[in-house]
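K.L.:
Input sequences plus hints: build the corresponding full structure.
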Amino acid sequence: MMDAMMAGEEVGAQAKGASSAMAGKYLTFALGAEEYGLPVLKVREIIKVMDITQVPQVPGHVRGVINLRGKVIPVIDLRLKFGFPSQDYTERTCIIVVDVALSGVKVMMGIVVDSVSEVLNVAPAEIDHAPEFGDRVTTDYILALAKVKGTVKILLDLDRVLGADEHLAGRVF
Amino acid sequence: MTEPRAWNSRVDDLLTRLSCDSLVEPVGLEHVRTQLLAVATAIGESASPEAQSCADRIRLLSLDLTAAQIGRTVEETLAGWEAIKGGDVPRDVTRAGIPPAPAPAPAAVVPDDELATLASDPEMAGMFVTEALDHLGTIESAVLLLEITPGDTKLLNEVFRPFHTIKGNAGALGVATVQELAHKVENLLDLARSGKHAMGPDEFDVVLKAVDLLTLMIQELPERVSGGAASDVTARREALMDEVDALIAGRPSVKTGAVSDSAPPPVAQAPGDDPGGRTQWRQDDIAQSTVKVDTRKLDNLVDMVGELVIAQSILAEDPALTKSADERLGRRLSQLKRITSELQRNAMSMRMMPIRQTFQKMARLVRDLSKKSGKNIELVLQGEETELDRKVVADINDPLMHMVRNSVDHGIEKADVRAAAGKPAQAVLKLSAYHQAGHIVVEISDDGAGLNTEKILAKAVAQGMVDEGTVMAPADINQLIFQPGFSTADTITEISGRGVGLDVVRRNVDALRGRIDIQTTRGIGTTFSIRLPLTLAIVDGILLGVGAERFVIPTFAVRESLRPTPGQVHSVHGRECMIQVRERLIPILHIGEAFGVAGARQEITSGTVVVIEDSGHPVALVVDELLGKQEVVIKSLGDTFQRVRGVTGGAILGDGRIGLILDAGGLVAMMGKHTMRPAA
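Residue numbers (my numbering), protein chains in the order written: chain A, 970 to 1142; chain B, 889 to 1568.
Be aware that a few hints might be false.
[Stated by the list, open to error] Here are the simulated DSSO-like cross-link-like pairs (lysine-lysine), alpha carbons at most 27 Å apart as the crow flies: (1) K1075(A) with K1185(B); (2) K1279(B) with K1040(A); (3) K1225(B) with K1185(B); (4) K1116(A) with K1011(A); (5) K1040(A) with K1185(B); (6) K1075(A) with K1279(B).
[What the hints assert, rightly or not] The following residues of chain A were derived to be distant from chain B, with all beta-carbon distances above 12 Å: (7) S989; (8) E1004; (9) L1010; (10) L1047; (11) P1054; (12) T1062; (13) V1085; (14) A1094; (15) D1109; (16) K1116; (17) G1119; (18) V1121; (19) R1129.
Honestly, the hints are just simulated from the structure, not real lab data.
Every residue gets a Cβ at the ideal spot worked out from N, C-alpha and C, and that includes glycine.
P.N.:
Written as structure tokens, this is what we have:
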């Protein structure tokens, strides 16, 4: 079920089937005033923000690399990636370490978020497909919207969010 | 079958042990006899009459056992065993690589049926493929040596034995096509062994061809098992087998040694030329006992040891410990440090292997090339025992092959040209490997015509790589041959000259963090030196501090470091961009500025300058301070940062943070072309 949920093709399909396929457990986190969710199966661990070594010649939202117990993994600041204003890291700032598939290859990446909220069970009835917002907002990597307890959570298609950063260093040249 | 399983497994155990023992040489005859009797006894415990008669036969065989019969006896034992056991017992015996019963009618086997056993046990299939390829490598190098001394029965045995093993294993796994071909060649070799057939040039050719074909067939097995396509070798295989048959039929009962005076093949070194170095290693190989380990496990171990070393240094630098005045604690810590670094050295050495195998492949290549081109070439190998990282060994193969082809085709002149220049008719191609200052150098040296610098420049101008009238140093001109698409050959030959090759060499060598130097003298010859790091996993570096960040620059790239005085720094258009070191003006690269590091010192004179050099081009790196020397484990930054220039990877430093490892070549290239842009 989770697998089907992650398939990007399902996004935007109006069919009811898509909604039930996207139901499941999501880790929710905050960016500014907004709440986002990503499939828990993608999450490897959550760590406190640590020293990030910056890497030259990459877009600003790529903060650099961290040492995760001997593994060097890239870290993306989701705030900057989504165009929020930059903000100093606080006690609540976290790095969510996720598994993403970049052109078929599974890699580990860290994403910096303002704070991690909870693991949420999203029922099919709570899922809404992402509407088109026109040119103002890119919805490419939004899986769906979930209306839970009166708030809206934006469910992310992580492979798409981070897929754009693949070989990002090469683009600069 | 009605036999109790315990009984089955006991016989299996005994046979496995026997086969293991027989693989380890030399096996005492008495030992084999005892083992066989034990097998016979075990089989005899069974109530069935077939088992009893099989046991009797084994007892008989064990009594009149002679050295030559060992192999056959084991086969027959197994034949009997397989017969009793029938089909329903797992064929565990075959795992041990014992030469099993010769399949009665391999020709009748439909090719795809032969994959059934392999498909059912991928692990065993994998082992078979690696082992067989290993054996084929052994055979090839032994054949090349045997060409020089055809009468050497010990060498002949070294060719024969692996063939026998391959045949046996292939038979056990039901790979009939491989088994059949190996069997044919083995027959020929067996005749030679018993002095009934002389090994001449034709025989060597056939054996080498068989090695090639078997290599191809075995390499493609995994592909075939997983349903992939494979080359159709049926025709080649049959032709080759006919050839072997013809050889066997054509020259019966010629005494070995009768042809020992036949002309040695061109590649061969004259006997007695360097006998020590060449024959020594064979004995070493036999004497060494080795274990095969999955390379992933090994790499993992090396990684973990790297982590251990880092964890140890983090501990050692911990303020709580450094402040402690406890002497005993300090002693224990330094003991820990000694052990970890010893462990690290050992772990690293496990990844090292001699370059021998690669060199021997070149021996074969030169032999073939020299036949094809009609040039008489002597190949001299030196330093085959030089060890380097196994990844480097694997990756150096292709570049080396290109270089050898290039030397044979472009470097070494045709016979008439050599005669006109008063050079000996036999050209010398020398491959050598040695250690030098933390690097390994692989040299390809020929006594050919040397590089024609003017012609290279003219060609480069004609091909639009260089503007006309450009003044270049000869060394830089020579490096042009590594540019993509470059070729000075007037004629395209089968061997090379299509303008494909040397740029690939350069790319491969670059990827290994190595570099190629050329020394050439017109009419005397050319030497290409490929300098490579000893290992790809660790680099000896100097730690640089820039702002809050730290960088590592590999020590080998560093020429010197200095604290510049205002008088040394020169500016152009108001920008400080050059520093004078003695008589030399060196361009400046401000690391903090180029990499966008916050908090880096702006004043050059308040910082430190590290002069690095790559391919003869120096760059002065401006950093805040030098923090010391350190060996670091190189970690890839991953695909995400694949194309970041000037950085080769990351190193986990003593405090657990990552320092970027600078790439001298990339930094120099950044100075050359203004491709650098600040981060978006």
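K.L.:
Each hint needs a verdict: does it hold in this structure or not?
P.N.:
Hint check results:
1. Only pairs whose Cα atoms come within 27 Å are accepted, and K1075(A) paired with K1185(B) is accepted, the gap being roughly 20 Å.
2. Restraint check for K1279(B) and K1040(A): satisfied, since their Cα atoms lie roughly 20 Å apart, inside the 27 Å limit.
3. This hinted pair checks out: K1225(B) and K1185(B) have alpha carbons roughly 24 Å apart, not beyond 27 Å.
4. A threshold of 27 Å between alpha carbons decides the hint, and for K1116(A) with K1011(A) the separation of about 21 Å falls inside it, so the pair holds.
5. With a CA separation close to 17 Å, the supplied pair K1040(A) and K1185(B) stays within the 27 Å bound.
6. The straight-line distance between the Cα atoms of K1075(A) and K1279(B) is roughly 23 Å, inside the 27 Å bound, and the hint therefore holds.
7. A cut-off of 12 Å between C-beta atoms confirms that S989(A) is not in contact with chain B; the least separation is 34 Å.
8. No beta-carbon of chain B is positioned within 12 Å of the beta-carbon of E1004(A); the least distance is around 27 Å.
9. Non-interface status of L1010(A) relative to chain B is upheld: no Cβ of that chain comes within 12 Å, the nearest being about 21 Å off.
10. The beta carbon of L1047(A) is kept farther than 12 Å from every beta carbon of chain B, the shortest such distance being approximately 15 Å.
11. Non-interface call for P1054(A) relative to chain B: holds, since the shortest CB-CB distance, roughly 17 Å, exceeds 12 Å.
12. Taking the minimum C-beta to C-beta distance to chain B, about 18 Å, the non-interface status of T1062(A) holds against the 12 Å cut.
13. Remark: the non-interface label on V1085(A) is consistent with the geometry, its nearest Cβ contact in chain B lying 23 Å away (cut-off 12 Å).
14. The Cβ of A1094(A) lies farther than 12 Å from every Cβ of chain B, with a closest approach of about 38 Å, so its non-interface assignment holds.
15. The claim that D1109(A) lies off the interface holds: its Cβ sits roughly 19 Å from the closest Cβ of chain B, which is beyond the 12 Å cut-off.
16. No Cβ of chain B approaches the Cβ of K1116(A) within 12 Å, the least distance being about 34 Å, so the stated non-interface status holds.
17. No beta-carbon of chain B comes within 12 Å of the beta-carbon of G1119(A); the shortest separation is about 38 Å.
18. No Cβ of chain B approaches the Cβ of V1121(A) within 12 Å, the least distance being about 31 Å, so the stated non-interface status holds.
19. With 12 Å as the threshold on Cβ separation, the claim that R1129(A) sits away from chain B holds: the shortest Cβ distance comes to roughly 15 Å.
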